[in-house]
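Using the hints, position chain U against chain V.
Protein chains: 2
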Amino acid sequence: MNKPSIPKGTRDFLPAQMARRNHIFDTIKAGFKKYGFLPIETPAMEKLSTLTGKYGEEGDQLIFKILNRGEKLSSSIRNIPANWTSQGQIEHLLCEQALRYDLTVPFARFVVQHQNDIAFPFKRYQIQTVWRADRPQKGRYREFYQCDADIIGTDSLLCEIELIQLMDEVLDNLGINDFTIKMNNRKVLSGIVEITGESDKIVEIMVAIDKLDKIGESGVIKELGDRGVSNEAVEKIKPLFGIVGSNEELLAKMRIMLVDSPIGLKGLEELTFVIDQINKLSLVKAKLSIDLTLARGLNYYTGAIFEVKANGVDIGSICGGGRYDDLTGIFGLKDLSGVGVSFGADRIYDVLNELDLFGAAVEETTQVLFINFGNSEAMHCLGLLKELRAAGINAELYPTDAKLKKQMNYAHVKGVRFAVMVGTNEIESGIIRVKDMATGDQRDTSIQALINMLNK
Amino acid sequence: MNKPSIPKGTRDFLPAQMARRNHIFDTIKAGFKKYGFLPIETPAMEKLSTLTGKYGEEGDQLIFKILNRGEKLSSSIRNIPANWTSQGQIEHLLCEQALRYDLTVPFARFVVQHQNDIAFPFKRYQIQTVWRADRPQKGRYREFYQCDADIIGTDSLLCEIELIQLMDEVLDNLGINDFTIKMNNRKVLSGIVEITGESDKIVEIMVAIDKLDKIGESGVIKELGDRGVSNEAVEKIKPLFGIVGSNEELLAKMRIMLVDSPIGLKGLEELTFVIDQINKLSLVKAKLSIDLTLARGLNYYTGAIFEVKANGVDIGSICGGGRYDDLTGIFGLKDLSGVGVSFGADRIYDVLNELDLFGAAVEETTQVLFINFGNSEAMHCLGLLKELRAAGINAELYPTDAKLKKQMNYAHVKGVRFAVMVGTNEIESGIIRVKDMATGDQRDTSIQALINMLNK
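Protein sequences appear in the order of chains V and U.
Under my numbering, read the first sequence as residues 1 to 456, first letter to last.
Under my numbering, read the second sequence as residues 1 to 456, first letter to last.
Next comes chain V alone, as it looks inside the complex (with noise of 0.2 Å):
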């Protein structure tokens, strides 16, 4: 027999890791509640026919799609064309159901579906499990969890600043103190690529841009020409490397460069009011800076587009989102805006992980084991052990009386504290001796007792 395993890019969880992701997954979702944002499901099953098209072409190729059964699937493999030559075309005939592939787009058909069930603007948040067949590598996963909040049904700026702050609290909570919160606004992009005159360029112009960190001025000049971008518009775009300085200076030299730009100007003049007021109110901790450079979800923001990095590691955005003018109009809702941000759980807790910033982050265990001295000793311990439940305390037996040193070594390897021992003298005395796992102490005194300290 082959040793079992899981198919590759899955990962299975003991309780220590449970434990620390259960602590980010509980900051994250306490700082949801804390900005008023309520908790929905979807399944993890969607109709192949809601996600295929939303994530490009290279997106749907990552969808993780369910085999037909019975009739269905004998008729389907029946009618597979001699001649089939794409793999989606294969695919759809085989199968109407997949795996989710993120969590926007199951919201989007949620709101559409639940729209005279939900009061807007609605506010969600949603920690489920999306899966993608991404092929694995370090800190990449094909089924991970997305944490999700959304504002849909509203454009006001004031969503912007919530969010930010949102993230900038369940960062601080989770005890990472030196991260950079990254802003700009779709519309400031779509401003640059309208001065250059090739708006129909603009995927492969923030393609290039966005690389700037890593190619350096003359490697993104180079790649605009590769990828077809006319010599005027690169020069036109040039200037853009130049813009550096506070984010003050930042939005007033853009306000020259995007004069032309009306929708341009309009980006700017967001950015503005959400830095101006976040600053007045010094609502936020973290550093807050405009990144012309940032162009994430091209496909699907249409305003503020956010992303975070810890600083001092060497780990990918741990935080992005943005505004979204029309993600339900592919479920036949026009008009409603939103805006959202999501937690990369997994790279939060590579961050914590390097930073050592778990500390005592422990799932509740355990707090007290009785020893188990043989069948008349344990029997007693059943009585004290429901006196503890009742008092609200963790606590257990251990099931056989083996040997002294095993039972203690399982309260050591599950870092139980306290271990109780009952044998027939102290049956008879009434008192229990404890023994603290931390501290090697012993003493002997009474499960009241023992209850008042722990409830204490």
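Treat the hints with caution; some may be incorrect.
Each pair may be met inside one copy or between any two copies, as identical chains are not told apart.
Below are the DMTMM-like pairs computed for lysine to aspartate or glutamate, each with C-alpha atoms no more than 20 Å apart in a straight line [said to hold, decoys possible]:
| hint | residue 1 | residue 2 |
| --- | --- | --- |
| 1 | K414 | D436 |
| 2 | K309 | D326 |
| 3 | K287 | D314 |
| 4 | K266 | D325 |
| 5 | K33 | E387 |
| 6 | K8 | E71 |
| 7 | K406 | D117 |
| 8 | K29 | E364 |
| 9 | K3 | D326 |
| 10 | K456 | E364 |
| 11 | K280 | E377 |
| 12 | K3 | E96 |
| 13 | K8 | E96 |
| 14 | K47 | E71 |
These are calculated hints, taken from the structure and not from any lab test.
All values derive from a computational prediction rather than experimental measurement.
Structure of chain U alone, referenced to chain V:
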């Protein structure tokens, strides 16, 4: 465009449902922890080979399979034999991964795979989704949560006692105060079949006996004959139908009936021990009742069998479990005995609903909504909001200066208790006007007084 929808047998959960579901999950989770279980998670996707052959032929057909991708898919489609006949054959050709069907087989795989990283006896809980391609019907879904707790690595009957206490405590904490914990033991069932001399017919005999409630004694006898059980064997089974009475009476009568079956007597001894200890120490509130026809999990249970039914509602079992002596054997790790229980969250939901036991179980929603009277007032509110949130209060600001009625309605629908109104006058005087949405009372106060009241 079609109205968007989700696959049949799956569900969306809106915030109000989430609140109720989370109430159930949180209560179960707290119970698991109180009894010393620690959480694990396994991937939704398992290798198909891990799952097939574990649930019987019918179960195999109900597993959702995930279509292979890329070159693997292309070549397998080319290799479909022209004369294929079995759907299973096709599925194994086209799929290498599948969605988990329950949490038990993945747990067995987990234990074998991580046997060197966990300390035995290993007490784990797991609350995750499972998928089954069953025909959807009332109360039966294709995607649903299971909530399992298992102890693996010991055959101590203390575990049975603890699991019965756990079920009792969790259901009691959920407010269900009239339920019956039914118990049986697979060894007793083996004994009954042994004395018939037709041990090879154990499944047929048990499936028939299990229907006693529904089809009565004559129905069972007919079904036994239909299933090929000999008349002699049926005669030996008949006395079973006459065995009624208290647990003690049942046990005494069974000891006579099974006097020649060592395995049967062993089963009775186990039942007696568990019931005696629980009664002696008054460990449970529920009615504990031996049910000799209880035969769930016949494929893998080897000792105790549990099932819980809420009395007074026509909903199937809400909890069940049992002992399995060789679950990990299928993955090459022999002689590891385990015992576990599983809570049926969906059925528990239906029971709580039907008995009107959810009470005020609401998701922690926004406690305070700031009414938005326009830009400058809103900015002032952002500062006040920051104070509330710093004090741990869930609060939000309505994102636009919509009509007061609309904003109040938003607070009402969302279940927000307090609406805070801060207009120009209030800003100048430093007071806030607070409306209690529950009573309609309005009063002027300070932000600090509001904080004090909410954190009282």
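Here's how the hints hold up against the structure:
1. K414 / D436: For K414 and D436, only the intra-copy Cα distance (14 Å) is at most 20 Å; the inter-copy one is 47 Å.
2. K309 / D326: neither (27 Å within a copy, 49 Å between copies)
3. K287 / D314: Answer is within; shortest intra-copy Cα gap is 18 Å, inter-copy 59 Å.
4. K266 / D325: Answer is within: at 15 Å inside a copy they meet the 20 Å cutoff, but 69 Å across does not.
5. K33 / E387: between (34 Å within a copy, 16 Å between copies)
6. K8 / E71: between (31 Å within a copy, 17 Å between copies)
7. K406 / D117: between (56 Å within a copy, 16 Å between copies)
8. K29 / E364: Result: close both inside a copy and across copies, 18 Å intra and 11 Å inter.
9. K3 / D326: Classified as between; 17 Å across copies, 49 Å inside a copy.
10. K456 / E364: within (16 Å within a copy, 26 Å between copies)
11. K280 / E377: between (67 Å within a copy, 14 Å between copies)
12. K3 / E96: Result: close only across copies, 16 Å inter versus 33 Å intra.
13. K8 / E96: between (24 Å within a copy, 11 Å between copies)
14. K47 / E71: within (18 Å within a copy, 24 Å between copies)
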